[in-house]
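Asks: Sequence:
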Amino acid sequence: MLIGIDVGGTFTDGVLFDGRVIKESVKRPTDNDNLDRVILEVLNELLSVVPEEKTVERIVLSTTLVTNLLATGKGKRTALILIPGYGLPHDAYQLSPDTFFITGAIDFRGREIEPISVNEIRALADKLKQMGIKRAAIAGKFSNRNRSHESQTADILKQEYPDLEVFLSCDIANQLNFPRRAATAYFTAMISREWQHFVDEVEKALQKRGADIEVHILKADGGTLPLDISRHYPCETIFSGPAASTMGALALTMDNKNSLVIDIGGTTSDLALLVEGLPLQASRGAQLMNHYTHVKAVSVRSIAIGGDSPLAYSDGRITIQADRKGPAACFGGDAATVTDVFNYRLALQQGDVNRSKNYLQNIAEQAHLDLDSMCDQVIDDVIKTLVRATDDMFKEWENEPAYRVWEVVHRRKFTLDRVVGIGAAAHFIIPRVAQFLGVEPFVHHYSDVANALGAAVARPTLSVYLHLDTERSLCSVEPGGVVEKTHEIVKYQLSDARELAVKYLRKWGKERRMEAYLDEYNVFHEEQFNVIRGWNRTGRIFDIGIQIAPGLIQEYQGVK
1 MLIGIDVGGT FTDGVLFDGR VIKESVKRPT DNDNLDRVIL EVLNELLSVV PEEKTVERIV
61 LSTTLVTNLL ATGKGKRTAL ILIPGYGLPH DAYQLSPDTF FITGAIDFRG REIEPISVNE
121 IRALADKLKQ MGIKRAAIAG KFSNRNRSHE SQTADILKQE YPDLEVFLSC DIANQLNFPR
181 RAATAYFTAM ISREWQHFVD EVEKALQKRG ADIEVHILKA DGGTLPLDIS RHYPCETIFS
241 GPAASTMGAL ALTMDNKNSL VIDIGGTTSD LALLVEGLPL QASRGAQLMN HYTHVKAVSV
301 RSIAIGGDSP LAYSDGRITI QADRKGPAAC FGGDAATVTD VFNYRLALQQ GDVNRSKNYL
361 QNIAEQAHLD LDSMCDQVID DVIKTLVRAT DDMFKEWENE PAYRVWEVVH RRKFTLDRVV
421 GIGAAAHFII PRVAQFLGVE PFVHHYSDVA NALGAAVARP TLSVYLHLDT ERSLCSVEPG
481 GVVEKTHEIV KYQLSDAREL AVKYLRKWGK ERRMEAYLDE YNVFHEEQFN VIRGWNRTGR
541 IFDIGIQIAP GLIQEYQGVK
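Its first residue numbered 1, the sequence shown is counted upward by one per residue in this note's numbering.
Honestly, the hints are just simulated from the structure, not real lab data.
Because the structure is a prediction, the values reported are computed rather than measured.
Ideal placement from N, C-alpha and C gives every residue a C-beta, glycine not left out.
Any given hint could be a false lead.
For lysine to aspartate or glutamate, the following DMTMM-like pairs were computed, each having C-alpha atoms within a straight-line distance of at most 20 angstroms [what the hints assert, rightly or not]:
#1 K503 - E520
#2 K503 - D543
#3 K204 - E41
#4 K127 - D107
#5 K325 - D33
#6 K296 - E520
#7 K296 - E160
#8 K134 - E160
#9 K325 - D31
#10 K54 - D18
#11 K507 - D228
#12 K208 - D36
#13 K134 - E114
#14 K357 - D370
#15 K74 - E194
Restraint ranges, calculated between C-beta atoms of paired labels, are given here [as the list claims (entries may be wrong)]:
#16 G210 - K27: 24 to 32 angstroms
#17 K413 - Q435: 18 to 26 angstroms
#18 N34 - D376: 33 to 41 angstroms
#19 H445 - K158: 29 to 37 angstroms
#20 D334 - G87: 51 to 59 angstroms
#21 D376 - E53: 47 to 55 angstroms
#22 K27 - R209: 19 to 27 angstroms
#23 Q554 - E471: 25 to 33 angstroms
#24 V353 - K560: 43 to 51 angstroms
#25 N34 - G87: 44 to 52 angstroms
#26 I113 - P162: 27 to 35 angstroms
#27 K510 - A347: 47 to 55 angstroms
#28 D370 - E276: 41 to 49 angstroms
#29 Q435 - D392: 17 to 25 angstroms
Produce the complete structure using the sequences and hints provided.
Replies: See the structure below:
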């Protein structure tokens with residue numbers, strides 16, 4: 001048996017899945033101030049109905065905790081200490097008001113150009129102490145080729161300021177692209193302690209029940225990560241909600257069609273794409289607070305329209321407002337919402353239907369419209385908003401490599417086969433959206449809990465990036481922050497570099513308990529450069545990217 005829990009902006013859904021059937025589902029209002037309590041309540045309710053003769057093999061949580069901490073500014077004040085070396089002006093790297101620059105430089109092959117200044121770092125430690133800042137992220141340009149400057153800076157800071165919690169970018173995202181690595185380290189430092197608390201609470205809850213169950217967290221790319229490993233990579237869990245809906249669509253369809261996925265939630269609606277049955281990934285990584293990161297993520301657009309979007313009459317017209325004011329009127333809220341329109345006009349059968357009607361009637365009277373006409377207008381606005389967002393999103397998707405590759409392979413423009421609906425309102429809205437787009441709709445009887453199902457059956461993922469410089473005997477690996485000298489690679493060929501990447505994939509995969517999937521890897525990036533001195537080749541540089549891509553667990557055979 002499997003358990004999947006998805007925390008949405010309005011509701012938290014949980015499912016208990018066995019064989020090809022959802023045995024139990026739970027829905028609770030999401031309380032963003034007490035997310036751990038809500039998740040544990042749903043988890044306890046699902047565990048309580050597990051038959052004595054059955055066991056739960058795995059629990060997967062999709063949580064908005066990290067996203068909410070960053071979006072609401074509740075992450076702790078954090079210093080970002082940058083060692084940018086030479087190149088762009090410092091203004092190009094301003095990620096936070098507490099950004100500090102120190103001297104030191106490493107070149108692109110890991111050679112030190114300029115040493116760090118011990119006195120400068122000591123002075124910075126005193127300044128951070130005076131400012132009361134207790135967390136810091138350190139990022140040096142090309143620290144993924146030589147981590148010495150980051151490590152030395154951290155050691156000096158800790159000596160001068162023992163209470164300072166320090167995070168190194170080379171440990172968190174050991175890849176090229178200095179701004180993205182710095183952003184990933186900064187956001188990780190900002191929310192790490194809060195994530196540790198969340199993990200502790202989940203582990204305590206399971207211990208109280210005496211439940212020895214493997215727990216995973218759904219990542220932004222649609223894969224899962226063991227809960228204990230997630231302590232080191234909390235930012236991997238951002239945008240796990242949109243990832244859950246994408247994996248839910250994959251779990252319901254299980255084919256190789258090109259599908260637009262629309263998840264109509266309470267606060268937002270999320271759009272994603274399945275290209276031949278695989279989630280389209282954002283090639284530039286997840287974007288947090290307008291900064292790209294090294295977090296792999298499904299390419300998703302969230303639009304500010306959902307079931308809890310309130311209605312208002314102003315300037316002679318009915319408008320759907322972006323800011324959520326609370327639950328729908330049918331659930332005791334104080335404003336008529338899109339859900340109330342669906343409830344009354346489309347027989348959604350949620351909460352108190354009469355309450356929906358009464359609140360909608362007030363707005364209709366203000367607009368001098370009969371109730372049915374006003375509701376039809378709102379429904380049309382929702383559909384047109386989704387269609388416009390789809391058109392805009394396809395323009396963005398055209399720049400994604402997987403999208404372009406499809407067009408090259410098929411020698412024609414990308415064509416959409418269908419629209420997959422996720423969420424309770426999907427049954428009523430998606431057929432009309434599909435009609436506008438000229439494709440077939442797909443809405444399953446499990447669509448309203450597809451997010452939780454997607455979390456439950458998503459398989460673990462892992463990407464390994466290997467950089468070898470045989471002339472300098474340099475080996476750099478992500479994840480793990482490995483940057484080391486090794487003379488074993490001096491005579492390496494491309495095939496040897498590939499084998500070494502597989503070796504590291506197996507090493508990290510075993511640590512993450514992914515043994516069942518280690519033979520299902522694919523190489524997604526492979527480059528070789530010759531190093532020439534005079535007329536002779538003095539070495540080679542290899543870059544290898546290898547992954548276990550997002551997909552569904554091996555034992556999943558679909559749903560009835």
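Asks: Now tell me if each hint is right for this structure.
Replies: Results for each hint:
1. K503 - E520: holds (14 angstroms)
2. K503 - D543: holds (15 angstroms)
3. K204 - E41: holds (13 angstroms)
4. K127 - D107: Status violated; Cα separation ~29 angstroms.
5. K325 - D33: holds (16 angstroms)
6. K296 - E520: holds (19 angstroms)
7. K296 - E160: Outside the cut-off at roughly 36 angstroms; violated.
8. K134 - E160: holds (13 angstroms)
9. K325 - D31: At roughly 14 angstroms apart (the allowed maximum being 20 angstroms), D31 and K325 satisfy the hint.
10. K54 - D18: OK: K54 and D18 at ~10 angstroms, within 20 angstroms.
11. K507 - D228: holds (17 angstroms)
12. K208 - D36: It holds: about 15 angstroms lies between the C-alpha atoms, which stays within 20 angstroms.
13. K134 - E114: violated (28 angstroms)
14. K357 - D370: holds (12 angstroms)
15. K74 - E194: Holds - the C-alpha atoms of E194 and K74 are around 10 angstroms apart, at most 20 angstroms.
16. G210 - K27: 24 to 32 angstroms: For K27 against G210, whose Cβ atoms are near 26 angstroms apart, the range 24 to 32 angstroms holds.
17. K413 - Q435: 18 to 26 angstroms: holds (21 angstroms)
18. N34 - D376: 33 to 41 angstroms: holds (39 angstroms)
19. H445 - K158: 29 to 37 angstroms: violated (56 angstroms)
20. D334 - G87: 51 to 59 angstroms: At 54 angstroms between Cβs, range holds.
21. D376 - E53: 47 to 55 angstroms: Holds, at about 52 angstroms.
22. K27 - R209: 19 to 27 angstroms: Distance hint for K27, R209 holds at roughly 21 angstroms.
23. Q554 - E471: 25 to 33 angstroms: At roughly 42 angstroms between Cβ atoms, E471 and Q554 fall outside 25 to 33 angstroms, so the hint is violated.
24. V353 - K560: 43 to 51 angstroms: violated (30 angstroms)
25. N34 - G87: 44 to 52 angstroms: holds (45 angstroms)
26. I113 - P162: 27 to 35 angstroms: For P162 against I113, whose Cβ atoms are near 31 angstroms apart, the range 27 to 35 angstroms holds.
27. K510 - A347: 47 to 55 angstroms: holds (52 angstroms)
28. D370 - E276: 41 to 49 angstroms: Hint holds: Cβ distance 47 angstroms, inside 41 to 49 angstroms.
29. Q435 - D392: 17 to 25 angstroms: Given range 17 to 25 angstroms: holds, Cβ gap about 19 angstroms.
The structure shown violates the earlier hints numbered 4, 7, 13, 19, 23, 24.
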